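S.K.: Letter by letter, the chains look like this.
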Amino acid sequence: MSSETKNTVSTVKVTIDNITIDVPAGTTILNAARMIGGDVTPPAMCYYSKLEGSGGKCRTCLVEVAAGSAADPRPMPKLVASCRTGVMEGMVVKNITSDKVKEARAGVVEFLLLNHPLDCPVCDQAGECHLQDLGYEHGKEGTRYEFERRTFEKEDIGPYIQLHMTRCILCYRCTYVADQLTDNRVHGILDRGDHAEISTHISKAIDNNFSGNMIDVCPVGALTDKTFRFKNRVWFTKPVYAHRDCPDCCGKVTLWQRGDEVLRVTARKDEWGEVCSYEGKPGWICNTCRFDKKSASDWVIEGPANINRHSVISQGHYTGLQKPKETLPEVMGGRAPKLMMDIHDVSEVNKIELSQLPGAATGNDFNSPAAKEA
Amino acid sequence: MGRKLLLEKAHVAGITTYEVYRREGGYRSVEKALKSMSPDQVTEEVKKSGLRGRGGAGFPTGMKWGFLAKPEGVPRYLVVNADESEPGTFKDRYLMEFIPHLLLEGMITSSYALGSNRSYIYIRGEYVWVAEILEKAIDEARANGWLGKNILGSGFDCDIYVHRGAGAYICGEETALLESLEGKRGNPRIKPPFPAVKGLWGCPTVVNNVETVAAVVPIINDGGEEYAKIGIGKSTGTKLISACGNINKPGVYEIDMTISVEEFIYSDEYCGGIPAGKKLKACIPGGSSVPILPANLLLKTAKGETRMMTYESLADGGFASGSMMGSGGFIVLDDSQCVVRHTYSLARFYRHESCGQCSPCREGTGWMEKILWNIETGKGKLSDIDLLWDIQRKIEGNTICPLGDAAAWPVAAAIRHFRDEFEWHVLHPDEAQQRNYGLMHYADPIHVPQPVMA
Amino acid sequence: MSLCFSADKLKEVQQIIARYPEGRQKSALLPVLHLAQQEFGGWLSTEVMDYVAGLLQLQPIEVYEVATFYSMYNLKPVGKHLLEVCQTGPCMLNGSEGIVAYIYERLGIRPGETTTDGLFTLKTVECLGACGYAPMLQHGKYYREHLTREKIDELIASCSAQPVSASH
Ligand SMILES: Cc1cc2nc3c(=O)[nH]c(=O)nc-3n(C[C@H](O)[C@H](O)[C@H](O)COP(=O)(O)O)c2cc1C
Ligand code: SF4
Ligand code: SF4
Ligand code: FES
Ligand code: FES
Chain Y
44 MSSETKNTVS TVKVTIDNIT IDVPAGTTIL NAARMIGGDV TPPAMCYYSK
94 LEGSGGKCRT CLVEVAAGSA ADPRPMPKLV ASCRTGVMEG MVVKNITSDK
144 VKEARAGVVE FLLLNHPLDC PVCDQAGECH LQDLGYEHGK EGTRYEFERR
194 TFEKEDIGPY IQLHMTRCIL CYRCTYVADQ LTDNRVHGIL DRGDHAEIST
244 HISKAIDNNF SGNMIDVCPV GALTDKTFRF KNRVWFTKPV YAHRDCPDCC
294 GKVTLWQRGD EVLRVTARKD EWGEVCSYEG KPGWICNTCR FDKKSASDWV
344 IEGPANINRH SVISQGHYTG LQKPKETLPE VMGGRAPKLM MDIHDVSEVN
394 KIELSQLPGA ATGNDFNSPA AKEA
Chain L
12 MGRKLLLEKA HVAGITTYEV YRREGGYRSV EKALKSMSPD QVTEEVKKSG
62 LRGRGGAGFP TGMKWGFLAK PEGVPRYLVV NADESEPGTF KDRYLMEFIP
112 HLLLEGMITS SYALGSNRSY IYIRGEYVWV AEILEKAIDE ARANGWLGKN
162 ILGSGFDCDI YVHRGAGAYI CGEETALLES LEGKRGNPRI KPPFPAVKGL
212 WGCPTVVNNV ETVAAVVPII NDGGEEYAKI GIGKSTGTKL ISACGNINKP
262 GVYEIDMTIS VEEFIYSDEY CGGIPAGKKL KACIPGGSSV PILPANLLLK
312 TAKGETRMMT YESLADGGFA SGSMMGSGGF IVLDDSQCVV RHTYSLARFY
362 RHESCGQCSP CREGTGWMEK ILWNIETGKG KLSDIDLLWD IQRKIEGNTI
412 CPLGDAAAWP VAAAIRHFRD EFEWHVLHPD EAQQRNYGLM HYADPIHVPQ
462 PVMA
Chain G
-13 MSLCFSADKL KEVQQIIARY PEGRQKSALL PVLHLAQQEF GGWLSTEVMD
37 YVAGLLQLQP IEVYEVATFY SMYNLKPVGK HLLEVCQTGP CMLNGSEGIV
87 AYIYERLGIR PGETTTDGLF TLKTVECLGA CGYAPMLQHG KYYREHLTRE
137 KIDELIASCS AQPVSASH
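Chains as they are written, first to last, in my numbering: chain Y, 44 to 417; chain L, 12 to 465; chain G, -13 to 154.
No lab work stands behind these hints, which were simulated from the structure alone.
Heads up, a few of these hints could be off.
Stated by the list, open to error - Calculated cross-link-like contacts (lysine-lysine; reagent style DSS-like; alpha-carbon spacing at most 25 angstroms):
1. L:K81 <-> L:K58
2. L:K195 <-> G:K137
3. G:K(-5) <-> L:K209
4. Y:K312 <-> Y:K337
Computed from a predicted model, the values in this text were never measured in an experiment.
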């Protein structure tokens, strides 16, 4: 823990799923894996590199450490949270090459979905929900949970943000936003255990100028933008990059448009679903940009947005698709793991040919006989 | 009659007061340590004693003290864990209630060894009156020069404060305890960093159980080697066992770790046997988190050897056929008890006490509780038993803190050893509402496989 | 009505804060909430929590987060006598379920309920560290152990006979 030894930027060698990479000392396993990119990167539902102290909670990023370091090559007895475990020289990590990890991860996904409402067809987040993606890639078919799911009332937190607590996976990200980006924290975690909830206790307004970033960090549809007009399936809207000269924030955003209308404004996201950084600083956006600038003339349009391929929204709808390096064949030595599992019991969304629907889809579209046959 | 080091004087009239405690030889260890030993020498004695943490994990105390970081100019803290919320465990309360100065004496000596000038006792919130007893004892100790500035002219300053929790088992986990002491929710921290490096308010901290710290007193008085002579192997010294459930004489017993489990249950010196002519069916020997064992595996190991009340012997056979010393909460079930119902009650406990930070524990504990309730009330399916097994396996080892494991193990062990009782509940749902499964074969002599000659 | 501790209790708050190093007054939150609950009617209203927040210079949400985490803080009004019966394994082995049933028989309240006269609230709680003295309940500051029907009768009688004053 002595700081003297860290003055010189040293690098360490770490091997993840048979791929070896040099990374700066002090890097976490997860970030090292992100440097490699592609399938060897563990999914992360609670860690958020721009929020200090985040991570460690959801357990989706668990990996197996087959050798702790060159100095002490013993394996670690338990799977570790890659987002909170630092790499060591000579460490050997197994992610998708570990059966233990695959099994544990499927378990975590099941736990996360256990009390999650299966309301994807009517959820604003559908299409850009990390839990949906996670279930799609790592989940098992069907739920074994036969009990009533826990539910909460919808709640407005301030004029701009709505909380659907029922969907929350308690990743704590939004509380870190409240803590680190706003000065008077009015929102936090109440109660404990499986009754824990995000709340302001007395629905206090969140009026801080950066509070809207909670919406962007929320991995599911628990925190949503109340000003998102004509609540629309995201894939009917066209995301474009735009900027404006904003005195409070970086002013670099994604506009979600239909025709000339701006339905919603969000920060730009990188391939890990986090807000992009500019010159090393996180590109959080202020509430004025997010909630008030809803006319195309407020913005300088740059062009179509890059949407990463992990998300359901990107399924062939957009140009500018970013394809991370395909590492799978390299890693698995030719074997093809069954990563893409069927989420259809979780979400009806993918059964429908959306482009064929006139106008915006509604929950009813997913209940139609056509949808059931599809 | 086994040797007693901690509770020997617990029943001397007036021992809760400073005068009597001092007259009976109290605070000698502080004198000895502060006047004739360096802090490192105290730690050395504790290392020699082989003392293992009495809070549950059994980690060697001297080694733990040795890990404490000592950066220049940064305060260090000793925090005593008196949260005592593991079902079946009520030994620390006994010690604090009847002989509070022993804990304080151990704390002053330990604080000296660790360099803690401000030490805390984190006591579970419900023990209101115990906290008051401790506060009174602290005032007495301070008035008599054992606390405060420059104790015994040694230049060592120390103060002790009591901090009451407010109802949360998880605050017994050391990092949750520190969060709680900082005035926050009792969410366990993600480790590393460990408390020895970054603990209370970011400073190096040692968290020790009440009994562990009290044991430092006889170790310093008589020397670590003397202490290590008591017991068997790596189970040195004496251990407080809180015995409860279906026994004639529930209570707190100090044992030197040389007796068998059978003797502990049936001798009149300890539990005094099973009441009302009933028979021993099962036992959880180390607090609710450790595996339950049927009578036959409790008294003998799978190898057919007598099971002793030591760390090693209780754990003999691993989780397949053994259990753990844990916190020393010894819970006995007689043949009229239902293992399914008891397991359900523990599952409810863990669901209630999960802090909710990590998904396997938050979601898994509630799920197990619901399934167990179904089985218990005649609504279960045979597949539920396998499902329970699978759920506990997916919780275990995958959580932030050991509460996840603690919730998984009781369920795993109950299914492992009492599967037919679970199946009976499922297959005879109506009958299971009327009567319990009974002793069945759980006390039958176990078949000890003989080595096969080739 | 804006609420405030008495001068005596304010002094006690200062003493509590002094147990912790300077600038660490957040550590005083748990003990001060205990004190507040005792002083302001046995439970913590939002008003009380906000008051405590002001006293310790915390954001109200920091107090709510803590108050809702720990089971000893009552977030709803409770009867004058709170009977908290332990229901965990070891107590269950010794008949805690019968104690809950008997209290229902005597007072007509189930766990979570309060008698209409506001005198008694029944709660079931998890292990209180008195497993060897089971079945047991906590009444105010004290534990009542080795419970029997007769002991419950006595307890109810003595509570009902008490004049209207705090139970601790
Ligand atoms: C869920 C949980 C509850 C615990 N409860 C207690 C407790 O009530 N008392 C205790 O001394 N240790 C408890 N522990 C163990 C502590 O984390 C810690 O290991 C212990 O206090 C260290 O002291 P020792 O080395 O003296 O045993 C608990 C651990 C866990 C995971
Ligand atoms: S509301 Fe969203 S960001 Fe906040 S904890 Fe829940 S899932 Fe995470
Ligand atoms: S294992 Fe349970 S108690 Fe421990 S941190 Fe996770 S949720 Fe909290
Ligand atoms: S991303 Fe690592 S535990 Fe959630
Ligand atoms: S189980 Fe009731 S006090 Fe421990």
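S.K.: Look at each hint and say if it fits the structure.
M.R.: Hint by hint, here is what the structure shows:
With a C-alpha separation of about 18 angstroms, the suggested pairing of L:K81 with L:K58 holds against the 25 angstroms cut-off. At most 25 angstroms may separate the alpha-carbon atoms for a hinted pair to count; L:K195 and G:K137 exceed this at roughly 38 angstroms. For the suggested pair G:K(-5) and L:K209, the alpha carbons sit about 34 angstroms apart, so the restraint of at most 25 angstroms is broken. Among the hinted pairs, Y:K312 with Y:K337 is consistent with the structure: their alpha-carbon atoms are about 19 angstroms apart, no more than 25 angstroms.
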